[in-house]
Structures are given as C-alpha cells and as structure tokens.
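Here are the chains, one letter per residue:
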Amino acid sequence: MARARSLPPRLSRRTFIQRLTFFGGGVVLLGGAACKRSKEPEAAKKPTEPTGATASGQPLRTFSAFEYAVVAAATERLLPRDEDPGAQDADVALYIDRILETQGLEAMHRDFLQGLAALERRAQSMFKKSFAQAEPAQQDELLAIFKDSPAGSGEAHFFELLMTLSLEGFLGDPSYGGNKGRVGWRLMGFDTVGTIAMAPPEGYDGPKCLRECGAHK
Amino acid sequence: MSHAQVDVCIIGSGAGGAPLALELGRAGFKVVVLEKGRHYQAKDFVHDEILNSRRNFFMPLPWEEPHLVRHGAKARYERSNVAWTANCVGGGTVHMSGFFYRLKPVDFRLRSTLGAVPGTTVADWPISYEELAPFYDKAEAEMGVSGQAVPHPFAEPRSGPYPLPPLDVHPVANEIDKACSALGWHATPTARGILSKPYKGRASCAYCALCGSYGCETGAKSGTNASLIPAALATGNVELRPGSMARSVEVDRQGRAKSVVYLDADGVAQEQPAKIIIVSATAVESARLLLNSTSSRFPQGLANGSGLVGKNLLFSSFGGSRAIFRTSKQKDARPWLTDPAPFVNRSVQDFYLMPDARHGFRKGGTLGFMWSHPNPIFAAVGLAGSGKTGVFGKELKDRMRAYRDSRILEFEVYAEFLPTPGTSVTVEPGVKDKYGIPVAAITLDRHPADYAATRFLVERGEEVLLRLDPDHVERVGTQGETTILQHGTCRFGDDAATSVLDKHCRAHEVPNLYVVDGSFMPSGGSVPSTLTIAANSFRVADHLVRTLKG
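Just so you know, the sequences run in chain order A and B. Position in the first sequence counted from 1, then plus 13, gives you the numbering used here. Position in the second sequence counted from 1, then plus 998, gives you the numbering used here.
Hints in this document: simulated from the structure, not taken from any laboratory. Careful, some of the hints might be misleading.
As the list claims (entries may be wrong) - Distance condition first, Cα-Cα at most 25 Å in a straight line; then the derived PhoX-like pairs of lysine-lysine:
| id | chain 1 | residue 1 | chain 2 | residue 2 |
| --- | --- | --- | --- | --- |
| 1 | B | K1041 | B | K1273 |
| 2 | B | K1273 | B | K1501 |
| 3 | B | K1432 | A | K221 |
| 4 | B | K1028 | B | K1195 |
| 5 | B | K1501 | B | K1547 |
| 6 | B | K1273 | B | K1028 |
| 7 | B | K1392 | A | K193 |
| 8 | B | K1547 | B | K1273 |
| 9 | B | K1041 | A | K221 |
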C-alpha cells in the first residue's frame, strides 16, 4: 500500500490545517503516522480495573501511575504554570488518560504509549533518571529533541500527539476531564470577546456524545 | 435482502440529493434516500470543539475511511480525510459556513469568453446562467437565504431581492466598506444560508459565532437537514435511510441501472431497486461509487465507457491573509473592536475577472471577509506550530496571551481551480475502507495560472486589510485548495465523447442514472458552490418531474 512516511513540503501539517479554514476551525485529526495500523486491529479493550491512580487518588484508565507522572511532567513543560495556570492546573494529563480510551483511537493509544516509553528511555540514558524526576531544563531539552526530529519519525510524531492532546486537554470542554475550572478558555479569551453563548450547556457530557455519535451508526 | 422497487433511489442527502427528494416527493413519486451517516437532531449540535471539529462526528477517521491524496502522479499517496464533507443527513450543508453565492454568467462560458488555456481542459457549460437563474431563485426561497443585492461590476442578474434581509453585521464591515471605496472597489454584503428572520417555521439566527464546523442547534442555518429534508419527509412519499453506505449501483442486461446495493447500519448488505437512480454523494464519492460499480457491461465502472468518470476533478483555489488588531492598544481609538457580533459578511468581487491577461488567464475570483474562527484548540494548534519552528512552554503561553488580546480579521480567496488532465479521482483496489470498499484516490496537479490568480487576489485583499491599519498582517497562503468545495469528475455536456452526463445530469451511457451534486460542473466558478449545487438539483428535479409525468 502506498503511504508516504512524511508529508511532502506542500502538504505540510500547517498548510493542511490552513487549507481547511473554509469551514473554519475544522482540523484534520492527527494525520501522518497516526494512520499506522497493525494488520490485525486490536480489539478495543474495555478496562474494568483502573490502570493506576493519580497522587490525589483519581483512578486512571490508560496510564500506570508511573506513566501518568511522566505525562503530567511533560505536559507541564508544554504549558507551564506562570502568571497563568498551566497544564497541571487544568488536569491536562487526566484528559489524555481519558481520551486515549476512546473507541476508534486504538492506534493513537498504542502510538502514544510507545512514544512515552521512548521519552522515558531517552531520559534514563541522558540524565540517568526518570523524565518525571529530571530538572525542568533537562525536560525541555529532551522535548525539544523530540519536537525537532525529522517529520515522520516516531519522536516527531509523539511530540505532535503530546502537543495536540495537551491543547485539547487545556482548551476542550471540561466534561472530558481537562480544562479544569475553564482555565484554558480564560487564558485564550474564549470566555470573553466575541464568544457569547459559546460553551456547551451545564451538565453536558462530551465523552458520552463522542462514544455515541462517533460510532457513525 | 432486497426491498420493493421504488420510483427513485437517491444516494446522499446534501445539497445535491435533498432538492430532488423534496421535488420528487411533492410530485407524488416514491423516493428512498440512502444516507451514509447518521440523522442528527438539533439537540445533537453542541458547542464542543473536540466532538465537532476534531473527531468523527462529521468526518470519518482517516484510518477507517481514508482518501488517498497526492500532489502529482509521481508522489506517493497519503492517507487523509481531505475532501470529505460531513457524513450525516444534510451532508456538507450541516457544517458549512453557508456562504451562498451564485455563479456569474461568465462562469457558464469560460472557454468561449476567455479562450482555451494550454494544459487545462476548460470547457463551456451546456446551459447558460439564464437557464439556471430561476432555480437559484427557487433554492434561495426553499432553503432560506439572507442577503442584499447591490450593484457592482460583476453582479449577476437577479429577478428580485433575497428571501430574507441581510444578517446583522459587525461594525468592522463599515470599515471594510470605506477601505474598498477608497480603493475604487466594492465591498458587497455576503449572502448567507442563515435565517435573519423566522422563516417557514424555522427560528432565526442566535448569533452564536459558531457556524462553520458546527451543526446549528437552532435550525437557523439553512442546511438541507433543517430545510429541505424535513419538507421532503413531510410529503409522505420520501423515506430516509440513514446509516446506509452505498456499495454499488447494479445494472440489468440492457445496461440500465437496476438497484443500489448498500450496507445498512449493522453492516448487512441490502438491495434497493428503483426505476431511476440518482447519485449525490459529492464529486469525489460519487465518482468512487461509479468506478466501483463494475459489471461485464461496464468493466471500467458504471457510465464510464468514455473513461471520463473521475477526470476533471475540481476543488476551489484557496488563499488568504489575516489582520491582527491588539485590543488593549487599539480599543480606545476603535471601540468597535470589542463588539462581539460574529458576522462580517463582506465580499469583494471586483476581480472576478482580472483586469488583463498578465497571468495567462483572466479568471480571478472572490474575497470573503470574516472574523477568524473562534475554536480555541484550532487556534492554539496553529500558535504552537510544528517541527523546528514550533514552540512550547513560555513562548507558547505568551502567544496564547497575545491571542487573547487580539481580534483577527481574515479574508479567504475563492479562485478558479482550472481543470487539468492530471487532477482526478480513481479508486485504489488495494486500499479498502472499514466497509471493505476500495477507497477514492485523489491526484492533484494544479495549473500555475491558479496560483498566479490566487496570489493576485490575496495581494488585493491585503491592500484592504492594510487600510484598516492593524498591528500586523500575516499571510496564510496562496497555494491551497478548499477540498470541501468539490466539482467535476462527471462533467456534463452535449458531447458524449467529452462528458459523462448530458445537460440534465443524466449519464450519456445509462438512461436512468443521474449524478446530481458538484460532479456535473465543468468549471468550479470562483465562489463556494453549495447554492449552485442545490439550484442545479432543483433544475434537474424540474426536468425529471416533467419527464416522468410524460
């Protein structure tokens, strides 16, 4: 089957996104290597047992407690707390834990966990400690290596997944588990100018709609 | 299982399929509409960016139902979800922005007016603007369009005013009007398929700012899901079957279309026989269905003895720029900046034809001005960038804070996408979707005149933006294509050697098969084509009803 490893220059991810501005704000999901699929699609596993728990005792659905700590540390470097709240304040890692359980995203689930393991291995070899235990400057150094890796590489793909899912978790509807207290929306001004009546109603359950509507039955 | 034969089976419920369903139902014919996607109700349309814009609520997942796309026949195909429109009742009209332009008379005779262009397959249409005009009137009235016709050099003739007055606009529209006036150009109100007043039992627009990419929860957006489909169902003669993925159109021994074989929501194969079969699945997907409908009579695909099905694929040539106003710096001098009104609704068509032939071909296009889409994830992904120029950490948060302090006015270009021998749809037998059906493979080979004209238009739009004295003007691009606007692939014409359909959109090779979406268009025009597709469907319906009634 014909499938390019990387987007040709004219079809870079950026133009890809920009090209779709007609319907405004619509984006391809996660393109490129996210399409990678094993010959035998793995059956969607229905976790009955939590895979772990956060430090505050929240049950996890995708990550072990160890993996969760790495994701929490990495997302906090992408969106660090400064004078405004950051990824941990918004529960971005919890969003990623939840969204990767969505049916249909099995390939992304697998790619993310593989990328996360690669990040951790690289931290161990570079810093002799876990990514979560490394200094912020070291974490930034390693994330920049992943970001700047050649398009189509596993590292670049993982960084893209991490960034995109972090922004979804920071700026998506709070019912998905992220954007706690709507801190992301406040940072981007989504709650102010030109945005009257834009957020979903109180009590809205995004993940439920995603499960039911996304099935395309 | 096989169903009882009906008069007409229509595949697709968007701008192409819905007008036919309505008119045939009204005329008393028994109609079945097969729709691949779900039938969403207004309550399903919520302002959830993750659900609406980033997952498969509207668009299929690229690893489940890919389109293969490549630039040039030598490039490798990329799996993507480019060139899908929404998979649901109403199709692309559900998540459209609803820019309801008409074509201009010149679009119907591009070749005879502007001449042949080497490297393209530009052709005149077999009908004139005057023949389509009454059906533009009809489509506007049935669907509900808000606008105001004002004179300008390329204004198309109209028989009367729009059915509804224009929507309220943001004060920046006045600023654009002044800027264009100073340049000697004309900023004209953009007609929208959105109700400015209650109409035909539907509520008017709530000005929520989320049109494009979203379904409309008030039903004010004139998608066929809100307008034509409910009216069609109310005739009592139309049965809508959502969750029905057409696999092939079957033929009988005489080579007439006999039935549609489709997979129902449970994946079970069903057969719907009909006296007349109408394919309205988008230019890309309709071509795919015909090419996949092979038989001993039509080994290259249904109605494709000519080999022309899938050829002459057209999108819309895209370019654009944006002007960024820093609110904190500018709001005292320009109090209107913080007005929350969502619509700009201004178009410039002074360059619908270029002033001269400096770029080889005199076709230009349309500039449409709008506030940038408020989807915050979409915006933030853009701010983060990617690869070596991408940023994270404090730099990203600074950009997000700057974004919060900005109002971003942009324009989008709709320019001619010239048909070339190298731009086409085929099917790739080795790559199947989740239904096991070979997928559409798109090859793009753009003509350089497109890029030259698009760049020219972007530069004109930037002149307008700069006159508004923003903090910054940023070019989005000049070499894109808007793939949700799709045409060609089953071009209509009088000559069966050079076209797939006759002037009534009936296949030259199959007397009871029609293709009615954007596929018939030999040229895409330089405006979004939704209204044209609907108007043409009303035109075909008028012909069909008269023919069937004898």
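Now for the hints, and whether the structure bears them out:
1. K1041/B to K1273/B: This hinted pair is violated, its Cα atoms lying about 36 Å apart.
2. K1273/B to K1501/B: 20 Å, holds
3. K1432/B to K221/A: With Cα atoms ~23 Å apart, K1432/B and K221/A stay inside 25 Å; holds.
4. K1028/B to K1195/B: With Cα atoms ~33 Å apart, K1028/B and K1195/B exceed 25 Å; violated.
5. K1501/B to K1547/B: 19 Å, holds
6. K1273/B to K1028/B: With a Cα-Cα distance of about 10 Å, the restraint between K1273/B and K1028/B holds, given a limit of 25 Å.
7. K1392/B to K193/A: 20 Å, holds
8. K1547/B to K1273/B: 14 Å, holds
9. K1041/B to K221/A: Within the cut-off at roughly 14 Å; holds.
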